[in-house]
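*Asks:* Sequence:
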Amino acid sequence: MNKQERVRLFIDYFSENLPEAKTELNYSNVFELTVAVVLSAQCTDKRVNIITETLFEHLPTAEVMAEASIDYIFDLIKSCSYPRNKAKHLSGLAKMLIEDFNSEIPDSIEELQKLPGVGRKTANVVGSVYFDIPAMPVDTHVFRVSNRIGLTTNTKNPLQSELQLLKLFPEEKLNIAHHWLILHGRYVCKARRAECEKCGITFLCKYYKKHK
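Quick note: the sequence shown uses this note's numbering, first residue 48, plus one each step.
Keep in mind the hints are simulated off the structure, nothing from the lab.
Misleading hints may appear alongside valid ones.
As the list claims (entries may be wrong) - The list that follows gives simulated cross-link-like pairs (lysine-lysine, BS3-like), each with its CA atoms no further than 30 Å apart:
hint	residue 1	residue 2
1	Lys142	Lys253
2	Lys245	Lys50
3	Lys135	Lys161
4	Lys237	Lys125
5	Lys245	Lys257
6	Lys253	Lys50
7	Lys257	Lys203
8	Lys220	Lys168
9	Lys93	Lys50
10	Lys161	Lys203
11	Lys135	Lys245
12	Lys237	Lys214
13	Lys93	Lys237
14	Lys253	Lys69
15	Lys256	Lys125
16	Lys135	Lys168
17	Lys257	Lys50
18	Lys69	Lys256
19	Lys220	Lys161
20	Lys220	Lys245
21	Lys161	Lys253
22	Lys161	Lys256
23	Lys50	Lys203
24	Lys168	Lys214
25	Lys245	Lys256
Please put together the full structure from these sequences, using the hints given.
*Replies:* This is how it looks when you write it as structure tokens:
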């Protein structure tokens, strides 16, 4: 089975079985989404949702967040990973939005990456989820699952995986495929142990064929 056949079967399966896949981060506007994605680096969406429920009560906009001290932001997000760095990022992000972007989150991948704490993956997530820009953000789940299944080959870092996946998936399927890969990695094809016994795509999976 070549990659084109594998991706076609992958799309067919998830289109039928998970047609409404979307982010599990809670947000009500693009500012909240961007902040949540910054916080989600090396942290679970479940934990981020707990944090942001309180965070956005106290700091609901860029203007309010920009006025807050880094220590205050830190106290609100301290249960996430790397809270000190993320507090600095959020403070800088809010101030840059006001100074350089008229208090609005930019709607391009390139401009998003100018914001403190927003790297390529975060920019791709915001662009894909909120602005519907065709993109393939690669986190640990996407990186692991795409390699295991056989959608990517010999990739050593997220960028290599992203570039292969961008070529492989039809543009109109990129955004939802990102969620399919994440959710499959989060709940089935887990890092510690792939739960192949409850997986619906073993028929196309290189890992399953080799190890089972």
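*Asks:* Find the hints from earlier in the document that the structure breaks and name them by number, from lowest to highest.
*Replies:* Going through the list in order, the structure violates hints 1, 9, 11, 15, 21 and 22 and respects the others.
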